[in-house]
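Asker: Here are the chains, one letter per residue:
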Amino acid sequence: MINFEFIVNTLSLGSLYAMLALGLVIIYGILRLVNFAYGELVMIGGYTLYLLTGFTPLPWVAIALFAVLVSMFTSLGTELVAFRPVREKSLTAMLITSFAVSTLLQNGALLIISPRARAVRLPQIFSESVRIAGADVPWRNILTIVVSLVMLGLLSLLLRRTTLGIALRAAADNFRMTRMLGVPANTVISTAFAISGIMAGVVSIFWIGRSASVTPTIGLPPLLVAFVATVIGGMRSLVGAVVGGYVYAIIISLLGVFLPQTLLDFREAFMFGIVILILLFRPEGLIRSKTSVERIG
Amino acid sequence: MNRTFPARTLVQRNTTPILLAALLLFITIVAEMLGINLIVRIVTVMFTSLILVLGLQLFMGNSGILSFAHIGFMGIGAYASVLFSMTPQAKQLSIPSLYPLLVPIHLPFWAAVLMGALVAALVAAVVSYPLMRLSDAAAVITTFALLVIIHVILVHWDRITNGPRTLFGVDNYTDLWTSALVSMLAIFLVYFFKESRVGLRLRATRDDAYAAASIGINMVSMRWLAFTASAFLAGLGGGLWAHFITSFSPYAFYLTETFVILAMLVVGGPYSVSGAVVGTLVVTAVREGLRGIENYLNIAQVFPQGVYGFTEVVLSIALILILIYRPSGIMGSRELRWTGFGRMKNAPEEALQAAEDAKETSAKGTSAKETSAKGASHV
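Chains as they are written, first to last, in my numbering: chain A, 1 to 297; chain B, 1 to 379.
Source of the hints: derived by calculation from the structure; they are not laboratory data. Using N, Cα and C, we set each Cβ at its ideal position, and we do this for glycine too. A hint or two may mislead.
What the hints assert, rightly or not - FRET-style restraints, in silico, Cβ to Cβ:
hint: 1; chain 1: A; residue 1: L149; chain 2: B; residue 2: R197; range: 52 to 60 Å
hint: 2; chain 1: A; residue 1: A62; chain 2: B; residue 2: V126; range: 38 to 46 Å
hint: 3; chain 1: B; residue 1: I215; chain 2: A; residue 2: L76; range: 43 to 51 Å
hint: 4; chain 1: A; residue 1: S213; chain 2: B; residue 2: R291; range: 27 to 35 Å
Generate the whole structure from the sequences, applying the supplied hints.
Answerer: In structure tokens:
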């Protein structure tokens, strides 16, 4: 069962989950906000793909880029309109706001487009496979891995080499101190939301690439994945988010192989059980953030 | 003081729940007198929602922790009460794969609903104790995880819930007066909890966990008691709802319902019992109004593809606006009170209340800053 094909598939799933987790954790690190509206960004990306592939003759690469941009601007928009005004209030207010934003975006799609699933036309490459070492590997999965590596590389460059990136990391470690040193809070937070939106947008391409259709409620599964992956990896660390994404993919794939079907139905319950256990006994996750000694909770 | 009758002092001290119960009684009588089937239905469902909102207020308002698991306990209460109230014959039709052991159980309606609530409370009591030491984001994620787990179990445990399929054949026992009566009782329960020793201690941990610990308050136990009581109310609401709706599926107890209940509490004001009641009334009125518009547009076919989600869109925008401009809801931390009994006597109590209000408002304003300050002090 565990052959080359399995490894590539798991890796591609892991890359997807790592990007998802990164997008969630980059906001959490700075604002302590668990963004419930994050999954809806994936949905917005999906609907952009549907609208542009269905109604414009644009080439697919341009459409994909556009989807990422729309997802990014949606993320920025929610920050500007909803999260910024409640930021200074309380954590609970911010969490409920994110829940409300999630409901708003979901039902907005319901209202404007349709409650029914919409088929997304995918380019040829998404349904083709290539033979490597005696196994049929879908191009889609290879693409996922390559694109996510590029994204991780770019993000790492941004965070390590640019002033903005360094400010972002500083803010994640100690937001108050960073502000005292003259880093404008709004810029840092907007950047975090932009990165989060970009991640969700890139994920949406491959997420939709698997199902070839989009519904208003498609955002929930990626949100749940991001929750689990970030808790496994450690909610305060970006490296942790990436590790968490891959670990989650490995666990899920192995469970899929070894668990009998009757228990497989409860797979999600198991994963969230693990989440609760980790938060109780090892709240820092697998990767402990270097500067943070604060216990979550 | 000797001249006051004990009964009168009792009323004087507890004007809040009496006023709120009177308000519900008034609504019930008006609904009854109007006799319009649709309005009676709306009011009945509103009262079952009110029980849920009150339950959530009991935990969230006093502990300051956002809980997502609440609707999960509503689901447990609904399914458990149905298992107790259905006749064995009906069970064999509705849940063919039910464990044989559970088939012969058959209780009268009240006992069944109470058992459902007890099952929900029991599950909460067993599961939640270790979770109660978590605060902030970790607490929110764990309660969210709990909701997902309960949901997955309800959807897939077909030997109890008939799986993801709709459960038919529940008898209709809940009527307007049943749900009105129970929600009035719930008001008294939640109010007395808030004013009780446990409630007061819990509120102390909400305002300042360290100060509360220093005077010997066990935060985890207090939260645990509140969480269990809150799950009991959620189970009660779920049981009554199930015996009114009579056919439902596990998908009724997930994020959509969570959003509605949360919106009701937040709009009214999570820090007071009056807020829970006012929020439920206001959100129900707005929601039903919007639904009416939505239905009208659909029937008149103003838009060719139909209108879906309009109600939720408006509701979520309203919720965001409330959080921006009035984050402690319509009522804030105030309670509805009747002070017409002679102001002199009540003056000290009022002063106390005013002081508490001021403290609560300032505590809420600074809590975000406190969290970041806590992070800073450790580095």
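Asker: Which hint numbers does the structure go against, in order from smallest to largest?
Answerer: The structure breaks only hint 2.
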